[in-house]
Amino acid sequence: MSELTEKELFETVPVPRAVARLIIPTITSQIVTVIYNLADTFFIGQIGDPAMVAGATLGDLSMTWYTHISLRGRFGRDCKLAHHAAAYSGA
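Heads up: the sequence shown at position 36 corresponds to 36 in UniProt numbering, and the numbers run straight through without jumps.
These are computed hints drawn from the structure, not numbers from a lab. Predicted, not measured: the structure shown is a model, and the values here were computed from it. Backbone N, C-alpha and C define an ideal beta-carbon position, used for all residues, glycine too. Mixed in with the good hints, there may be bad ones.
For each label pair, taking beta carbons as the anchor points, the in silico distance ranges come out as [claimed, not checked]:
| # | residue 1 | residue 2 | range |
| --- | --- | --- | --- |
| 1 | G48 | E6 | 31 to 41 Å |
| 2 | I47 | P16 | 27 to 37 Å |
| 3 | G45 | E11 | 44 to 54 Å |
| 4 | A86 | M52 | 27 to 37 Å |
| 5 | I31 | E11 | 28 to 38 Å |
Sequences are here, hints too, so could you generate the full structure?
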């Protein structure tokens, strides 16, 4: 299968197939992030200071919340833009 450009992916490919192509990189990046956070916490835990482990854990948690909050507004905006683009193109 030939590589699709981003424009072709969003304009010509059926939605289930486009979503399937986007799911793998998204899930992979989230799994890698979790592994990095676990590795950080593990190695800080080897120091033996509970306060440092608590700090690393809270840092991981705060980054997760920051990502969630910063992306929350994007989903509605992107959906609205897609509706406007579809209306403009006559779909």
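Comparing the hints with the structure gives:
1. G48 - E6: 31 to 41 Å: Hint violated: Cβ distance 48 Å, outside 31 to 41 Å.
2. I47 - P16: 27 to 37 Å: Given about 48 Å between the Cβ atoms, the range is violated.
3. G45 - E11: 44 to 54 Å: With Cβ atoms ~49 Å apart, the hint holds.
4. A86 - M52: 27 to 37 Å: For M52 against A86, whose Cβ atoms are near 51 Å apart, the range 27 to 37 Å is violated.
5. I31 - E11: 28 to 38 Å: This hint holds: roughly 29 Å between Cβ atoms.
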